[in-house]
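Participant: Read off the chains here:
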Amino acid sequence: MNRFLKSDFFYDFLRAPIAVASFVVVSTLILLALLANFIAPTNPFDPASLNLMNGFTAPMEPNAFTGEIFLMGTDDQGRDLFSAILFGLRVSLFVGLMAVLLATVIGVFLGLIAGYIGGWLDSLIMRLADIQMTFPSILIAMLIYGVARGVLPPELRDEMAITVLILSIGLSEWVSIARTVRGSTLVEKEKEYVAAARLIGLNHSRIMIRHILPNVLSPVLVIATITLALAIIAEATLSFLGVGAPPTKPSLGTLIRVGQDFLFSGEWWILLFPALTLLALALSVNLFGDWLRDTLNPRLK
Amino acid sequence: MIKKLLTMASAVVMITTPTFSETIRWARAGDSITLDPHAQNEGPTHALAHQMYDPLLQRDMAGAIIPALATSWKALDNNPNVWRFKLRQGVKFHDGADFTSEDVVFSLNRAMADGSEMKELLSSIKDIRAVDTHTVDLETHGANPLLVNNLTNMFIMDKGWSEANNVLTPHDVAKGETNFATMNTNGTGAFILVSRSVDEKTVLKSNPNYWGNNLYPTEVSKIIYTPIQSAATRVAALLSGQVDIIQDVPVQDLDRVRETNGLKVATAAQNRVIFFGLDTAEGPTSNLKVRQAMNIAINREAIKKVVMRGQSDPTGVIMPPFVNGWTEKLNAYPKYDLEEAKKLMSEAGYEDGFSITLNCPNDRYINDEAICQSAVGMMGQIGIDVTLDAKPKAQHFPIAKGGEADFYMLGWGVPTFDSHYIFNYLVHTQTDKRGSWNPTGFSNSAVDAMIVSLESETDLGARDGTIAKIWGTVQDAQMYLPIHNQVLNWGMSKNIKFDVQPEDKPHFQFLSFE
Amino acid sequence: MLSIILKRLTQSVVVLFLVALISFLIFRYVGNPVDNLLGQEATVQQRAALEEALGLNQPIYEQYFDFVWSALHFDFGNSYRGALPVAELISSRLPATLELAFMSALFAIIIGIITGVYTAIRRNSFLSKFILSISLIGVSLPTFLIGVLLIWLFAVELKWLPSFGRGETIQLGWWSTGLLTLSGLKSLILPSITLGLYQLTLIMRLTRSEMLEVLDQDYVRFVRALGLSNKQVHFRHALPNTLIPVITIAGLQLGSIVAFAIVTETVFQWPGVGLLFINSVYFVDIPVMSAYLLLVGGLFVIINLIVDLLYLIIDPRIRDNQLIGKA
Amino acid sequence: MKQPLLNLNNISVTFKTRRQDFKAVEDLSLTLKEGEILGLVGESGAGKSITGAAILGLIPSSGNLSSGEISFKGQRIDKDPKIVRGSKISMIFQDPLVSLNPLRRIGDQLIETIQTHSPCSRTEAYDRAIKSLEEVGIDQNRFNAYPHTFSGGMRQRVVIALALAPQPAIIVADEPTTSLDVSNQAQILSLLKKLCKEKRTSVILITHDMGVISQTTDRVAVLYSGKLVEIGITQAVLKNPRHAYTQSLVRSTPRIERGSPKQPIHQIPDSKSKLCPDSKVLIAEDLTREFDLSPTWFYHKFNVHKQRRVLAVDSVSFSINKGETYGLVGDSGSGKSTIAKMAVGLLRPSSGQITVNGENLNSSTISHRQSQRIRRRIQMVFQSPYASLNPRWKIGSILAEPIRVFGLSSTKEEEQNRVFELLDQVGLSKSDVEKYPHEFSGGQRQRISIARALASKPEIIICDEPTSALDVSVQAQVLTLLKELQREFSLTYLFITHDLAVVSTMANKIGVLNQGRLIEEQSSELLFSKPQHEHTKMLLDSAPKLDIA
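Residue numbers (the numbering used here), protein chains in the order written: chain P, 1 to 301; chain G, 1 to 514; chain S, 1 to 327; chain D, 1 to 549.
Please note: incorrect hints may appear among the correct ones.
What the hints assert, rightly or not - DSS-like cross-link-like pairs, simulated, lysine-lysine; straight-line CA separation at most 25 angstroms:
1) K201/G with K249/P
2) K457/D with K191/P
3) K193/D with K73/D
4) K205/G with K159/G
5) K537/D with K193/D
6) K159/S with K201/G
7) K191/P with K435/D
8) K16/D with K129/S
9) K79/D with K231/S
10) K394/D with K191/P
11) K239/D with K280/D
12) K74/G with K126/G
13) K82/D with K231/S
14) K435/D with K6/P
15) K159/G with K119/G
16) K194/D with K131/D
17) K494/G with K159/S
18) K530/D with K509/D
19) K545/D with K193/D
20) K23/D with K79/D
21) K497/G with K469/G
22) K264/G with K159/S
23) K305/G with K249/P
24) K186/S with K201/G
25) K280/D with K322/D
26) K509/D with K457/D
27) K227/D with K239/D
28) K435/D with K412/D
29) K394/D with K435/D
30) K264/G with K497/G
31) K394/D with K6/P
32) K6/P with K23/D
33) K412/D with K394/D
34) K322/D with K509/D
35) K16/D with K6/P
36) K186/S with K222/G
37) K23/D with K82/D
38) K6/P with K430/D
39) K33/D with K193/D
40) K329/G with K469/G
FYI, nobody ran anything at the bench for these hints, they're computed from the structure.
Since this is a predicted model, take the numbers as computed values, not measurements.
All chains, full assembly: derive it from the sequences and hints.
Facilitator: Structure, rendered in structure tokens:
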């Protein structure tokens, strides 16, 4: 840790206002999502707790029927938007992070194998990547969703929706990571420290994991960050297409989908607040990832 | 496709005809499912069919029955089981063929064939006979005083054309069948099909030989019909003046449309009731107390005020006010009473509630998904844990119809304006001829008998008595939880003079410009 | 040279076969067609008969080859709704999507490369920093929201541009184009921007980083040392070398643009294959679904191939088998 | 006297780094006369390249000319160097492989350059381009060829042609031959010298190689950490260097003594006494290795086009006695490293074999235990001080790994002590175990990789260009260390290098490789006194020599 604090990386970080700002925003949002239960005045996921009469209450204005006041107003179901956003943020972040994790694991594994072992295995994996590229996350999601809908009982559907999101986004984002890892593995494996490891008789798996892996991870970090933003956006898009988080357990995307119906009718807050939250999240993640890329890629410094 | 490419190479450039001022650009959420007039019994499908096909008699924009292809009709004095229809002279189909009685005979038989969704409407018919070229007799099993009500969406096709194109029977949409008639038409209607591509655009042009040309305004020379799924986009299209009329203005956008100059909103109570259906055969909902609890746990005012923005008319019976048999008393809906509901639940032995899935369409009725969502909340308050499963109508209806659902949403329009229509579809035991939309498992032979008897009861007083009796049982059985009657809101440009048709079916020959 | 083309071709074929396999499996297993065609209450005999008719009782690999075989003849069976053969349906919708994809790709590539080059050459100017940050907003909002906002601003509030559809189209044989009418072109603007924004950002950033890298190369420093003007250095030496990787990515993007059009087409009611696909999903119209997958796969592979061939034209080193097996 | 052609007056170049600014060049003053060749010599980081770049205003963006002025024929140019770039002053870079735009035909690049500076018709430019190609000895029918079709040496010729095309008054040549083989190096240098003398073009030759300096330059300026420490007539400076640094530089430069077999510098007298002729520890028998250059597995499978095969090593046989140092010399691509790889089992021979104490590491029947036993005996020191240490590992674990793998220590502290011992043997301190490679200088890293090689207590160590990436002074230290270790542990070295001078100071016996063949094998004295093979002679002649007549 101490070493980290002394590192150039940290030094640069402190001197990049955008990086610091975006980092702060992201971590704040994550914190809010984690503490949602304690911060949120209501639990938006519990339909029984909703009072429909509270619907369409403007921010900080007493509701016409119940007289209740809401920080960010309520949506069409009388859901307190502030709470809904906190919980939705949690869903979106969870989906995003899990998807990225999945993508990274697959990508690093395949990339490492392809790069290190090479030969026909390499070609195979790379063709696989091509095929993968053929089906962007949206398509995959709709397919998996279609299948799952067929096989799973409706009770499981809510959980399923989230799993489908994670699977589909994760499965469609591994390619870029795999390609990068493969690339840097190809470079690293020619380096002499690998030869040194081989001539003391280490087996390949050990060389791959103990020696090469640590050296190919920094670009992965960058891509993973960008992918996180991507995943969060993808989740929103899928919700729009109706294969996302269910309206009874809304994610940010679902909230935005609902909100856009009220864009013309003057209930601006239903769209604005979730959209701003999403923007803040994705934008900061992107900005941070951007800074990471420039920092970890000295050629561009 | 290869062939296409070749033809493309040697293609002549032809330009789609430019639009005139009399062109009506008409948009609504969903497209017609098929152009075959007998294959579906569904609003948007009939709405489009009405522009190209005529029934024997139809409802005007106010909902009153007026002559169409038949100029007059009455039950024979000597035999009340036979209705005689005098057909309009000199009517021609779009392809120039003459309209004669055998077309009527053919069409009605076709409407009764397998794969037809209209057959229930004609279930009382025994025989159809052509008396002469322009007279047709309909014989029913026993007298059917209200037969004519069933014919307002019973479109007449050209026999010759149908034979030529081998569309003697309707295609069964549920089985994914299609035929020539799904994409082609040959009617007697005010408009002729120019081009159609599903979900994209359907273009109609006025029919110069339309029999009604000097009876009705018929000012519209061309109709461009575009389904626009996304509500926001649909409203935007109207607000930005890209379409002249949209049938389903989202309730939240009504004010916006009203306030936009050049636009207006026309409103009318719709002949359609929205309700939930319950499985009475098995599961918790088979317990009457549970169904009653659910019924009073629905806060209908709240739904009206918030979800519908006041644009609905809460009801306690699954019957719109237009319908014969409707009474204030039936229409009065029970008080929203959580305590009572919880009590009933515990009496039924479900004080800790139960879980159930609510099947719901998300592109059919006004705010259908939102209503279901609020229902989820309301049921939650009496301990029922509801999983909402909202789907496009095409996926929802098979489920709702097939009886897989324990708890589902349905809307019902009554084109015949008579209770019998409701009973025949929603109350009668599910058989191949009747009760096709009654998956609730409710089955009462006495009621079934009464329903059948309605078709032949000539004494209207006695008939209304029976109707009231049946409604009594239905209300007690509580297999349906009524919510409200829909209110139609058409948004259109100011210069259009057009009433909102209670069946939500615009007949553009009635439209005129100011 | 030839060998590379050969290699790429064979690879493409392999990819296509796998894509075909996937879409076949969907056709076969997403919602069993038998259940779709017959109701639940169908008798055993009925099922057997239908399976016979659909050839579902043959061994699976035979079915697969039948599928591929008929696919090769553009025969995907009939759409469950709309009566038309799927091939016809798709070919009637394809022009709309291709024109949209083409326009947004054009928009993305042109603007993307220009801004990318600018931000690379003037890497420390305020404007480039501004462009870079702004561009991120494009990838930080979901496409559908951007679309709706554009509609709201330009169609509803300003009434400048149409909010949906293609406007007037002109038939050139089976190809209906919106590029030849004013309303057609106007209708293209908003969807193209909506669809292209994401790719724009991507291409711009790629161009920038590649350019920066190239400007760092010795040969660029050398031509500087030879006293060539900045214009010559940037555009005659740096840019071509920059564009090589950019072209690949841009090409691959074009493939995914077609797929991403799904969202844009739903928002703008754009009558293309994307909208067709969405509806086919809603209506469980499996033939259309699987055909669409094949289409997207096919397009992607073809584009991939074209990109590779472009490489051959641009880069002499590859022409002489210097760097084969690029990642 | 007439004013100098180029005048650097107290120039300083400052770079912004994270923590503080650092002066790469400090108050440096130089003058360049017309037609002279001035050498700028110094070790890496001495600021010689920066000085070169500064003249053309090509300092990397993170740095700038913080003070002083540069004038060409009395005219200030540091403010706007563009006016002289190419036309008056031109530059040649170190690596010809990356100095040419891969996408442009060399002809185009020439014509473009010519036309930029002297507006003339394309045909005119074409003729001049052809001419300048001929001058550097490139056939004019290569005019439309792309750079990648040229060899390294040829590309450097093209680069020179390009640099001279606008007929500049000065050429700044930054390590123009460092990346070339000795044979090419000599040719390029003489070509550059010849052309510049003809055209009366002055040259600033930037190099780290005293040999090159002594053979090519008229005057030499010695830089040390950004400062000019000594400048004067080359011969004078080399003969009696005044500044201490220059002295060490001259001293530590290894030389080839032809004729009288005199002891090279730092020769440890008794290192050869231990030789017992019959005990051969490493034996190579018609060792052959073929490489298949056809691009991917795809081609092997389907033979789409002819496979491209090359013989990297062609039936090479030699043997090394215990305690002896066997030198393998040759140009790049002569197969030296391939042999090394086969010796340690990183590559399998296509045919023939190489055995360690009679055991063949590459035999297919060998068990893991056996191969580990052999591996422990034979270790390797690599060329690059940067790539040979895993940047993510602490020195401690880097050194501990072989100890653990070979099971040479039973307990943790035993292992720990062994690591300390190793560090001590290569002259590093205990505290270094906690550090990461990037915290060390090149020389120190080479020491670490030597320590790693020693960790398994091997008998044979293969040194693959162990010092070619190091500055001469450091090189001397490392070489000395290797010698001391050899004596201490009676190690056997297979010493692989391209540098005849280095090998002459190290090896008892030398094999000369050319295109995979072992063309000559001699004791080092004999090889340098009476080389047999033509190629060997050529190598000896073209090797840059530091002759102080």
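Participant: Next step is simple, just say for each hint if it's right about the structure.
Facilitator: Results for each hint:
1. K201/G with K249/P: 36 angstroms, violated
2. K457/D with K191/P: Distance of about 24 angstroms is within 25 angstroms: holds.
3. K193/D with K73/D: 22 angstroms, holds
4. K205/G with K159/G: 23 angstroms, holds
5. K537/D with K193/D: Answer holds: K537/D to K193/D is near 22 angstroms, not above 25 angstroms.
6. K159/S with K201/G: 22 angstroms, holds
7. K191/P with K435/D: 20 angstroms, holds
8. K16/D with K129/S: 21 angstroms, holds
9. K79/D with K231/S: Within the cut-off at roughly 20 angstroms; holds.
10. K394/D with K191/P: 17 angstroms, holds
11. K239/D with K280/D: Status violated; Cα separation ~43 angstroms.
12. K74/G with K126/G: Answer holds: K74/G to K126/G is near 17 angstroms, not above 25 angstroms.
13. K82/D with K231/S: 13 angstroms, holds
14. K435/D with K6/P: 14 angstroms, holds
15. K159/G with K119/G: 18 angstroms, holds
16. K194/D with K131/D: 16 angstroms, holds
17. K494/G with K159/S: 18 angstroms, holds
18. K530/D with K509/D: 14 angstroms, holds
19. K545/D with K193/D: 16 angstroms, holds
20. K23/D with K79/D: 19 angstroms, holds
21. K497/G with K469/G: 42 angstroms, violated
22. K264/G with K159/S: Roughly 18 angstroms between the alpha carbons, so the hint for K264/G and K159/S holds.
23. K305/G with K249/P: 24 angstroms, holds
24. K186/S with K201/G: The hint holds at about 18 angstroms.
25. K280/D with K322/D: The given pair, whose Cα atoms are some 6 angstroms apart, holds under the 25 angstroms limit.
26. K509/D with K457/D: Distance of about 24 angstroms is within 25 angstroms: holds.
27. K227/D with K239/D: 21 angstroms, holds
28. K435/D with K412/D: 19 angstroms, holds
29. K394/D with K435/D: Cα-Cα ~5 angstroms, so holds.
30. K264/G with K497/G: Between K264/G and K497/G the Cα gap is close to 11 angstroms, so the pair holds against 25 angstroms.
31. K394/D with K6/P: Holds: K394/D and K6/P sit about 17 angstroms apart, inside 25 angstroms.
32. K6/P with K23/D: 23 angstroms, holds
33. K412/D with K394/D: 16 angstroms, holds
34. K322/D with K509/D: 12 angstroms, holds
35. K16/D with K6/P: Since the Cα atoms of K16/D and K6/P sit roughly 19 angstroms apart, the hinted pair holds (cutoff 25 angstroms).
36. K186/S with K222/G: It holds: about 23 angstroms lies between the C-alpha atoms, which stays within 25 angstroms.
37. K23/D with K82/D: 24 angstroms, holds
38. K6/P with K430/D: 22 angstroms, holds
39. K33/D with K193/D: Satisfied, since the Cα-Cα distance of roughly 15 angstroms is no more than 25 angstroms.
40. K329/G with K469/G: With Cα atoms ~13 angstroms apart, K329/G and K469/G stay inside 25 angstroms; holds.
Figure legend: structure checked against the earlier numbered hints; hints not met, in rising order: 1, 11 and 21.
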